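Residue numbers (the working numbering), protein chains in the order written: chain C, 1 to 136; chain S, 1 to 136; chain D, 1 to 136; chain R, 1 to 136; chain F, 1 to 136; chain E, 1 to 136.
Just so you know, these hints were derived from the structure itself, not from any lab.
What you are looking at is a predicted structure, and each value in this text was computed from that prediction instead of being measured.
Mixed in with the good hints, there may be bad ones.
In this list, chains with the same sequence are indistinguishable; a pair is considered to hold if it fits within one copy or across any two.
[Stated by the list, open to error] Below are the DSS-like pairs computed for lysine-lysine, each with C-alpha atoms no more than 30 angstroms apart in a straight line:
# : residue 1 : residue 2
1 : Lys68     : Lys107
2 : Lys92     : Lys122
3 : Lys50     : Lys92
Listed below, chain by chain, are the residues.
Number of protein chains: 6
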Amino acid sequence: MVYLTRRERFNAAHKLWVEDWSEEKNVAFFGKCSNRNWHGHNYELFVTVKGEPDPVTGFVMDVKQLSKLIQSEITDKVDHSNLNLDVGFIPKGMQPTTENLAILFWKQLEPHIEGCQLHCIKLCETENIYVEYYGG
Amino acid sequence: MVYLTRRERFNAAHKLWVEDWSEEKNVAFFGKCSNRNWHGHNYELFVTVKGEPDPVTGFVMDVKQLSKLIQSEITDKVDHSNLNLDVGFIPKGMQPTTENLAILFWKQLEPHIEGCQLHCIKLCETENIYVEYYGG
Amino acid sequence: MVYLTRRERFNAAHKLWVEDWSEEKNVAFFGKCSNRNWHGHNYELFVTVKGEPDPVTGFVMDVKQLSKLIQSEITDKVDHSNLNLDVGFIPKGMQPTTENLAILFWKQLEPHIEGCQLHCIKLCETENIYVEYYGG
Amino acid sequence: MVYLTRRERFNAAHKLWVEDWSEEKNVAFFGKCSNRNWHGHNYELFVTVKGEPDPVTGFVMDVKQLSKLIQSEITDKVDHSNLNLDVGFIPKGMQPTTENLAILFWKQLEPHIEGCQLHCIKLCETENIYVEYYGG
Amino acid sequence: MVYLTRRERFNAAHKLWVEDWSEEKNVAFFGKCSNRNWHGHNYELFVTVKGEPDPVTGFVMDVKQLSKLIQSEITDKVDHSNLNLDVGFIPKGMQPTTENLAILFWKQLEPHIEGCQLHCIKLCETENIYVEYYGG
Amino acid sequence: MVYLTRRERFNAAHKLWVEDWSEEKNVAFFGKCSNRNWHGHNYELFVTVKGEPDPVTGFVMDVKQLSKLIQSEITDKVDHSNLNLDVGFIPKGMQPTTENLAILFWKQLEPHIEGCQLHCIKLCETENIYVEYYGG
Chain C
1 MVYLTRRERF
11 NAAHKLWVED
21 WSEEKNVAFF
31 GKCSNRNWHG
41 HNYELFVTVK
51 GEPDPVTGFV
61 MDVKQLSKLI
71 QSEITDKVDH
81 SNLNLDVGFI
91 PKGMQPTTEN
101 LAILFWKQLE
111 PHIEGCQLHC
121 IKLCETENIY
131 VEYYGG
Chain S
1 MVYLTRRERF
11 NAAHKLWVED
21 WSEEKNVAFF
31 GKCSNRNWHG
41 HNYELFVTVK
51 GEPDPVTGFV
61 MDVKQLSKLI
71 QSEITDKVDH
81 SNLNLDVGFI
91 PKGMQPTTEN
101 LAILFWKQLE
111 PHIEGCQLHC
121 IKLCETENIY
131 VEYYGG
Chain D
1 MVYLTRRERF
11 NAAHKLWVED
21 WSEEKNVAFF
31 GKCSNRNWHG
41 HNYELFVTVK
51 GEPDPVTGFV
61 MDVKQLSKLI
71 QSEITDKVDH
81 SNLNLDVGFI
91 PKGMQPTTEN
101 LAILFWKQLE
111 PHIEGCQLHC
121 IKLCETENIY
131 VEYYGG
Chain R
1 MVYLTRRERF
11 NAAHKLWVED
21 WSEEKNVAFF
31 GKCSNRNWHG
41 HNYELFVTVK
51 GEPDPVTGFV
61 MDVKQLSKLI
71 QSEITDKVDH
81 SNLNLDVGFI
91 PKGMQPTTEN
101 LAILFWKQLE
111 PHIEGCQLHC
121 IKLCETENIY
131 VEYYGG
Chain F
1 MVYLTRRERF
11 NAAHKLWVED
21 WSEEKNVAFF
31 GKCSNRNWHG
41 HNYELFVTVK
51 GEPDPVTGFV
61 MDVKQLSKLI
71 QSEITDKVDH
81 SNLNLDVGFI
91 PKGMQPTTEN
101 LAILFWKQLE
111 PHIEGCQLHC
121 IKLCETENIY
131 VEYYGG
Chain E
1 MVYLTRRERF
11 NAAHKLWVED
21 WSEEKNVAFF
31 GKCSNRNWHG
41 HNYELFVTVK
51 GEPDPVTGFV
61 MDVKQLSKLI
71 QSEITDKVDH
81 SNLNLDVGFI
91 PKGMQPTTEN
101 LAILFWKQLE
111 PHIEGCQLHC
121 IKLCETENIY
131 VEYYGG
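Start from the sequences, fold in the hints, and give me the full structure.
The structure is reproduced here in structure tokens:
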């Protein structure tokens, strides 16, 4: 079993804001991340698949195909977007935290991986913060 | 003459949109950067000052003071902000491009540098794009 | 289960030196790391916690709280310190190797993590060397 | 159990080309990687071993010895080489993909690790692509 | 005057070998870089242009256009190539050193920059080695 | 004229402390950097030389020779050292600030550069702080 990882990147705006909470509670809990006029990030996304390398080609998966899948299923839909407003696969009202995004990206990508298995979604929000999700 | 550089970081939302242009023209010129619902970046800011090291302390400038100045004059005002809407020192209608931000950051910081000279503002928008401004 | 990681940094001096060994044996075993006048590093510390994201906030843990905990329990105590002499939670005579530091940092932090679980302490000594400790 | 990682680097040329396939099929499958005149990469290799830190030295393994082993068994043999032509431990006809290289590097290094266990070979081909192999 | 930089990347094979020299002299002078079967690198290319930001758009130059120019004039021609054999604009017999490549890339790109000026070609061969060329 | 840069690295301990000042004044001015038991850093050193590439070899300078010079004249003397106590070319009582180190490194290296000219010493103390010195 070999694990193969491809990095893609996207830039997006978001805010963290619970609709059922008062402004005071939102600001107290989320701090600067609750700015009503949004802020944004350069996200780095690492997608890892696992499988046996093909005995002829030496590939677990064609990494160019993996890149295209990540783009068509995830980054084309979130790049230069507002994560609270613009993205069909992010449920309205769900906080676009790095944690929730990683889970949603898994659901978005997993049905399209063929011939090997999705292993991990790693999403970096800043150079100091990242999350990893392994499904299940 | 020695050049001393301090890095600070901030995260912000923006869009590129000329009010006098039609939506078609904005989208044709600015592409995805014109998304009306904003997008955002992790910006890296490098501020360089120049001067002679003090013969006793060996400092061109106290880098902790430089850091505090950059924070009070620039990053406290732009971090987790919307660069088109929230920042007093960015004129309304001026495009918040990396180029214009570098010039505005220079103007913001230069009057506060004492005992040495501001030399360069370098602002990185992504790992692939940055600008440098040397004043004048 | 989602894994959330926060990076913090600190700078410290140390040396590797077994008191029961002769100088010759120390130098032979630890090489330049045994310099009696110390040397030092910029350490990078990655702390990973794991848990279910809260259904309302989307947080495994408030990453600002995690950052504060790492600072109060670890980095405030080791930053700009001498790891052999200055740090209360490092037993006298224990080598301040990256391996031992990672284990001690785990013990230092683990009792303070609430609402989720500490998963990993990763400590980077240089760009070429790092260790990971998962407890137990 | 603590995991200790050492990074080494090497630069090499290769191409991906299945001898039993026509040129058309090779180009269609491998794209630019099939250029008959070769291309190349700066590879980054991360080797992770695991074990208990020695109670006296605090070492899982002497990282300088680990570095020397990686050099003598792997990087001295692949640095500034042509991976298809020059390396004795890469079977002729096996594609020098990142996946296959990671497995071969494991086999090359594993018999020489004493006092602890080899845990992972991580090999980065570009900043966007890497593989990990854990043996077995 | 503002300086705007765009990074692009490419992977290529090369060797350093003076045809008029004996094999011994080549190996003595160029060391491992003279391997007859080639080696290769992940090159990072930083192109800097300078000019006044447009008062309406805030652009020194459209960085997407700059990216396309770098690709069409340089990286499409050198990516996944053999720099000694495959690239029309590298004179046969000229050593494909980082120095010479930077000068050739300047000549390749400079005639196509309009509305501002080419300022610098920076080319990184490894994380430890890079060159800069400012024309003239 | 082409500019060629080589990176080398070293790890060292130091403190900032003016002997003629009281402990209070030292702590007030230098903060945590005045810890009497030292602290330390992973320093990154970038040395830039400039010249015309040789028409036959394409080299401004043999970068392996530049690396050896930097090691013999600088990094072999400061690596794993205490910059206040152990280094012959650092005058006693001179603060080992990044600024002063850059100037001293220039003086140490400049007489040994032949066939081209030393252009810049860049020294990074942390990922957030660096200095540059161009001589004179």
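Here's how the hints hold up against the structure:
Taking identical chains as interchangeable, the C-alpha atoms of Lys68 and Lys107 lie at most 30 angstroms apart only when both belong to the same chain, with a minimum of 17 angstroms there against 32 angstroms between chains. Taking CA atoms no more than 30 angstroms apart as the test, Lys92 paired with Lys122 passes inside one copy only; the shortest distance there is 23 angstroms, against 36 angstroms between copies. Proximity of Lys50 and Lys92 under a CA criterion of 30 angstroms is satisfied inter-copy only: 25 angstroms between copies versus 32 angstroms inside one chain copy.
Consistency note: the structure conflicts with none of the earlier hints.
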